[in-house]
Every structure is written in structure tokens, then in C-alpha cells.
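Q: Sequence:
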Amino acid sequence: MANPVVHFEIMVNGDVDAARRFYAEAFGWKIDANNPMNYGLVDNEGQGIGGGIGTPMHGPGYATFYMEVDDLEQALETIGRLGGKTIMPPMDVPAQPIAIAMFEDPSGIQLGLVQPKGPATAAAPDELELTLSRVVDAPREVAYATWTDPTSFDKWWGPHGMRTPVCEMDLRPGGILHTVMRDPSGTEYDNQGVFLEVVPNERLVFTDAYEPGWKPAAEPFMTAIISFEDAGDGKTRVTARALHRSVADRVKHEQMGFHQGWGESYQRFAAAVAKRR
Numbered sequence: 307m308a309n310p311v312v313h314f315e316i317m318v319n320g321d322v323d324a325a326r327r328f329y330a331e332a333f334g335w336k337i338d339a340n341n342p343m344n345y346g347l348v349d350n351e352g353q354g355i356g357g358g359i360g361t362p363m364h365g366p367g368y369a370t371f372y373m374e375v376d377d378l379e380q381a382l383e384t385i386g387r388l389g390g391k392t393i394m395p396p397m398d399v400p401a402q403p404i405a406i407a408m409f410e411d412p413s414g415i416q417l418g419l420v421q422p423k424g425p426a427t428a429a430a431p432d433e434l435e436l437t438l439s440r441v442v443d444a445p446r447e448v449a450y451a452t453w454t455d456p457t458s459f460d461k462w463w464g465p466h467g468m469r470t471p472v473c474e475m476d477l478r479p480g481g482i483l484h485t486v487m488r489d490p491s492g493t494e495y496d497n498q499g500v501f502l503e504v505v506p507n508e509r510l511v512f513t514d515a516y517e518p519g520w521k522p523a524a525e526p527f528m529t530a531i532i533s534f535e536d537a538g539d540g541k542t543r544v545t546a547r548a549l550h551r552s553v554a555d556r557v558k559h560e561q562m563g564f565h566q567g568w569g570e571s572y573q574r575f576a577a578a579v580a581k582r583r
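Basically this note's numbering = 1-based index in the sequence shown + 306.
Some hints here could point you the wrong way.
[Unchecked claim] Computed spacing ranges between beta-carbons, pair by pair: (1) Gln573 with Glu379: 27 to 35 angstroms; (2) Val505 with Ala332: 22 to 30 angstroms; (3) Pro362 with Gln498: 24 to 32 angstroms; (4) Arg582 with Glu474: 17 to 25 angstroms; (5) Asp443 with Val553: 29 to 37 angstroms; (6) Glu433 with Gln498: 46 to 54 angstroms; (7) Gly356 with Phe328: 14 to 22 angstroms.
[Claimed, not checked] Below 16 angstroms or equal to it, Euclidean Cα-Cα: the simulated EDC-like pairs (lysine to aspartate or glutamate) are: (8) Lys336 with Asp349; (9) Lys581 with Asp443; (10) Lys423 with Asp489; (11) Lys423 with Glu474; (12) Lys558 with Glu315; (13) Lys336 with Glu315; (14) Lys423 with Asp443; (15) Lys336 with Glu351; (16) Lys581 with Glu447; (17) Lys558 with Glu379; (18) Lys461 with Asp489.
Derived by calculation from the structure, the hints in this document are not laboratory data.
Cβ atoms here follow ideal geometry from the backbone N, Cα and C, with glycine treated the same way.
All chains should be modelled from the sequences, with the hints used to inform the complete structure.
A: And the structure:
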């Protein structure tokens, strides 16, 4: 195949858990939705292509797939000449050696394109990391106090629509950080780890690689570094870095919705900080 299909996505506007059960039982798919975004990652088990099953941000549900091309601009030009149209211009995917675009064919069906940007190489440190930064309109002391207040977590932790009814934190190396997040359907996500470093008003480091008492966790996923930097004019730059042990874990986290989920969470955080001033 000249331009192979390399990824698929099924977005369900309704009972996404029922949809995942349907595909799992009908086709034997292994689907992992154990993440705060409730995005079901489909394991291709070395055959065919992988994909995901989730819910759309807005509008009706849909199914689509992505085709690999050598040149996005050239492919979109050909598509336009043949009666299609571009609906999302080429864009680089953060921390991945690919660019993507979306188009609509002459019948109105929306599909995706993927362009590799270079051969695979050994994982560099930044290939194991996801980063998001936001400036909030408050001094470091206020931003840090908001982040480290367990009673405030329910107001901002997680993407839009997510609640955090349980938050326990012990602000010291080895101290517990335990949250239970609840999505709009009532599904809960229990996460537990420990702090590695606590520097008031400057930095927090925590990981799920250990449980309280420094007991190694069975399935560690990431270590997070939250930094608070003076941005001038009484503002603070809050940066979240998620470090992973493998490229596969970093990709999985990104597919789970790191940029969207943490981005929305920090929008809510900025609002919570503003109310605290």
C-alpha cells in the first residue's frame, strides 16, 4: 500500500464504556482506559494498527483513521484539486517525530494524515518527557499555596468536568500524595504516590514509583516536577514536567490526553489562584 493506514480513532458521544465493551467482546480487542482522561487505548498486540476509543470534545461521535504520507502539503494540495478540502492544516505533534493534518473528502467524510519527520533513534531525554507551562496572575507564594492545599484540589485538579473528592498530601520527602478523581459518568480513578522533594514556593517532585514507606510500586508510570518561577509583575510561571521510563509510556500518556487534560486543569488552577488572592 503506497500510503498505509497507521492509526484509527472511534469517538463515542454517549456511553463510551458500553462501546468499549462492544468492541472488546466483538473483536477481542484489549482496551486500557485506566487513565484520568478515560481514553481507551487499543493494543494492536503486534498486528494491524493501534488506536483509541474515547469521547469527542464537542459535536457528534465519529470514527476516523490516519494515513501516512511523505509530504502533508503536497497531499493536501492533491486532495483539494480532487474536490476535498483541508479542515486542519499541518501541525507538529509535540515530543513526537510526526506532523498531522485533517481533511474532508468530497462526500464530507473527515480523515487524517500523518507525515513522519525522521527515522527512529534511541530515546533522548526529552523523548521521555512531556511539559506544559502556564503563567498565572499571582505571586509564587499564592500559586504554591493553592497547589499544596488539599481542600482546593476539587476546584481545579483534572480537566473540565472532572472532580477530585479525595486528596491527601503530606508535604515532605516520602510523604503521601493520594487523589481520587471522578469523571462526569461517576467513574473514579485512584492515584497514589509519594513526594520526592518539597521546596516551598519553588518546586514539588512526586512519583508513583513508590508507595508510602518507600515500598516500590508494582506498575510505576511517571515522575512529575512542578516548578514555580517568578514571571514578573506579580505573576508566576507554573511548569509541569512528566518524566517517563520509556518512550512507550510517554506516548501512552500523550494519547491519554496529557496536553489537553493538564492544559484544562491549569486553566482551572489559574481561576482558583485568582479567587485566592
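Q: Looking at the structure, which of the earlier hints fail to hold?
A: 2, 6, 10, 11, 14, 17
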